[in-house]
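One letter stands for each residue in the lines below.
There are 4 protein chains.
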Amino acid sequence: MKKFILFAGIIMLCSFQPKKPTKVVFFGDSITEYAVQPAGFITLIQQRLKAEHKDSDYEVAGAGIGGNKIYDLYLRYEDDVLTKNPDQVVIWVGVNDVWHKRMFGTGTDWDKFGKFYTALIKKLQAKNIKVTICTPASVGEKTDYSNELDGELNRYSNIIRDIAKQNNCDLVDFRTLCHDYNLKNNPTNKADGILTKDGVHLNDQGNQFVADIFYKTLFK
Amino acid sequence: MKKFILFAGIIMLCSFQPKKPTKVVFFGDSITEYAVQPAGFITLIQQRLKAEHKDSDYEVAGAGIGGNKIYDLYLRYEDDVLTKNPDQVVIWVGVNDVWHKRMFGTGTDWDKFGKFYTALIKKLQAKNIKVTICTPASVGEKTDYSNELDGELNRYSNIIRDIAKQNNCDLVDFRTLCHDYNLKNNPTNKADGILTKDGVHLNDQGNQFVADIFYKTLFK
Amino acid sequence: MKKFILFAGIIMLCSFQPKKPTKVVFFGDSITEYAVQPAGFITLIQQRLKAEHKDSDYEVAGAGIGGNKIYDLYLRYEDDVLTKNPDQVVIWVGVNDVWHKRMFGTGTDWDKFGKFYTALIKKLQAKNIKVTICTPASVGEKTDYSNELDGELNRYSNIIRDIAKQNNCDLVDFRTLCHDYNLKNNPTNKADGILTKDGVHLNDQGNQFVADIFYKTLFK
Amino acid sequence: MKKFILFAGIIMLCSFQPKKPTKVVFFGDSITEYAVQPAGFITLIQQRLKAEHKDSDYEVAGAGIGGNKIYDLYLRYEDDVLTKNPDQVVIWVGVNDVWHKRMFGTGTDWDKFGKFYTALIKKLQAKNIKVTICTPASVGEKTDYSNELDGELNRYSNIIRDIAKQNNCDLVDFRTLCHDYNLKNNPTNKADGILTKDGVHLNDQGNQFVADIFYKTLFK
Chain A
1 MKKFILFAGI IMLCSFQPKK PTKVVFFGDS ITEYAVQPAG FITLIQQRLK
51 AEHKDSDYEV AGAGIGGNKI YDLYLRYEDD VLTKNPDQVV IWVGVNDVWH
101 KRMFGTGTDW DKFGKFYTAL IKKLQAKNIK VTICTPASVG EKTDYSNELD
151 GELNRYSNII RDIAKQNNCD LVDFRTLCHD YNLKNNPTNK ADGILTKDGV
201 HLNDQGNQFV ADIFYKTLFK
Chain B
1 MKKFILFAGI IMLCSFQPKK PTKVVFFGDS ITEYAVQPAG FITLIQQRLK
51 AEHKDSDYEV AGAGIGGNKI YDLYLRYEDD VLTKNPDQVV IWVGVNDVWH
101 KRMFGTGTDW DKFGKFYTAL IKKLQAKNIK VTICTPASVG EKTDYSNELD
151 GELNRYSNII RDIAKQNNCD LVDFRTLCHD YNLKNNPTNK ADGILTKDGV
201 HLNDQGNQFV ADIFYKTLFK
Chain C
1 MKKFILFAGI IMLCSFQPKK PTKVVFFGDS ITEYAVQPAG FITLIQQRLK
51 AEHKDSDYEV AGAGIGGNKI YDLYLRYEDD VLTKNPDQVV IWVGVNDVWH
101 KRMFGTGTDW DKFGKFYTAL IKKLQAKNIK VTICTPASVG EKTDYSNELD
151 GELNRYSNII RDIAKQNNCD LVDFRTLCHD YNLKNNPTNK ADGILTKDGV
201 HLNDQGNQFV ADIFYKTLFK
Chain D
1 MKKFILFAGI IMLCSFQPKK PTKVVFFGDS ITEYAVQPAG FITLIQQRLK
51 AEHKDSDYEV AGAGIGGNKI YDLYLRYEDD VLTKNPDQVV IWVGVNDVWH
101 KRMFGTGTDW DKFGKFYTAL IKKLQAKNIK VTICTPASVG EKTDYSNELD
151 GELNRYSNII RDIAKQNNCD LVDFRTLCHD YNLKNNPTNK ADGILTKDGV
201 HLNDQGNQFV ADIFYKTLFK
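First to last, the sequence lines map onto chains A, B, C and D.
Going by the working numbering, the first residue of the first sequence is number 1, and it counts up by one from there.
Going by the working numbering, the first residue of the second sequence is number 1, and it counts up by one from there.
Going by the working numbering, the first residue of the third sequence is number 1, and it counts up by one from there.
Going by the working numbering, the first residue of the fourth sequence is number 1, and it counts up by one from there.
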């Protein structure tokens, strides 16, 4: 009889034991680094998960460092991502790979970009981590493709779209999503102030826009 | 009586004296330099002027030098253009101003580009020369604006359009004309081979296309 | 008798008429622009001319604009230099021609640098203006030639030395003078703070150093 | 008795068993890639090891790929170096990290250069591999530090010297060794043709020079 009670108790404990939440890590550059600030998109996602009582199902964290390019992510994925034991990693990178060409002469060749991106995905997938990747949104929000780096951002976005297909990754195509948003909401062809503060880094509207898209994509 | 005959003779001589043809000089970079070759657009224009018996009305000449940027034109307009006594000058420049940024680190800042362009136009207009200016066609013919320099070419084309308005110059908007041509004739998004050999320099089709547009614009 | 008095009066007036001072214009970039500030080398030269009672012999003025490269000087020499009716022009330029390669992708090719420099000198010499030219001092004061742009600055200085010879210009070789000064006065291989505030723009010591050299060279 | 013979035989076999040679892998860019060609320095080292009957003590191999920068080495050290089971790795990289800044806008920031270099050394040392590192020789052999990239090469060489100290690596300082060689053997300040074909890639004399230095350093 005692044994039975003990046994039943174990069963009950097990059934009440809270399920381990799915851990999602956002891995990227300054856009992701700022996303954990009070109005940032990771914070907004956390608040919404709580409000919708999904915070026991999903746990989200940021691993963004300003100025990072794809090979910087490759260098630090073990220390900064694997140590967080994620079930899913969202990689959002590419702006600096293009931008630093002009700024410092230290951008990333398009072929090396693909090589490091693919290597990073494979390392994560080898740990059974689901990988979602994103195209870079913008360096300048003008809608007639007259932002200095538009040619390169379109080109690297094409590369990322190919990488997603080749590696069975989900894709969040911010390049297209933000361009379309600007076509509707930026009638005077402004360089910033629509979804970004400076053409690159998200303002409040941008953080809300991005949070909504990620929420819909990741927690459906 | 003698005086009258002399006078009448002078009148007749004057009326038979062939009218001086309008002299048009194309002033630019390698695209214009190659235009005087057998299949080049200047040669094609000359042939058509002859075929349509307008070669006594118009005389065309090239003054293109490979690698030239706007400030190179400013340096040599006296030696290479004014010495040809043109009635009209067609300036087509801009590709190297953008391209050399990436290639050699020696492109032209957008504000300096406008400054030199305006100064050159004013120097020519001060000599009663009519000035026509052109936007750069392409560095890469892909139609989704994913050619590396598309952002810059669109930006510098906007600047040239403004300069045309501010200085009452006719504008030949090759950036738009060639993009539209490619949208119809480049369905597989090729980087070259449509109007150009290498994304920049005109092939036979390109020379014909450009010759037709210039002919229609300049000799209507 | 009256005539004699008048004649004598004219003679006297002529002999007392002050001699027109030699006008020297410094033509360059931000280094020259800042030189007219209270502690700048042009101001120091003016003060010394006054103190040594040579200010009726020499008049000095600045024509520096920040960010200028050799071709910017060529664009504005008529408006900013010829209008000052100088007897002598001191050209000091080159830092931005090299620096802007890395900073903005808009430096000056070495061959174009020589071409514009020579054209500018010839335009000035054609107006009987004596031309003195200078090598760029530094972008970074480290003495082991490990400042990022040392290779280029040495190369462009070689070009300027050749231009001086080819055009019979006096040369003030600040590249060598400042390097030698640093070898003696910068034992810990600092990047700035010896003759400059930031590796490029002169501090008080630098302005004094440059003023002394120019004074000795120009007003001997 | 039989047992004794067997035992003696085993002892003898053991004592005759050839010692496993020390495996040295040269890891780098095109300079190392070309080194395995007939006149390359790795081939020369192999020939000398054989001639001096040390080829059973040392085995050398190349792992160079043209265009590689430090982060490319980091990406491929597992596949291309660890798979060769080396006892010692000689890293020679840096030219492209500097050169590609100007050429393609895709060089390596100096701080990232240090970060990846240190990370690579630590990964190799963690496998008990002895690591020797080298400074880049030259991009241009002119001796007055007027080669375009001299400033950067001197700077990155300083970084490599610090990395060697911090990580207890042997250093082969080709930057100094080749400069000193040129000071003696390049009296007319030529840009190439002394130790290199093109300022960068070793000619026969350069391969011999480098082979001698490595031989002396590694197999003393």
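Check the hints yourself; a few may be wrong.
One copy or two, it doesn't matter: identical chains are merged, so the pair holds either way.
As a list, the in silico SDA-like pairs of lysine to any residue whose alpha-carbon atoms are at most 20 Å apart [claimed, not checked]: (1) Lys123 / Asp80; (2) Lys115 / Glu59; (3) Lys190 / Arg161; (4) Lys190 / Trp110.
Hints are computed from structural coordinates only; laboratory data are not their basis.
- For this structure, which hints from the list above don't hold up? 2
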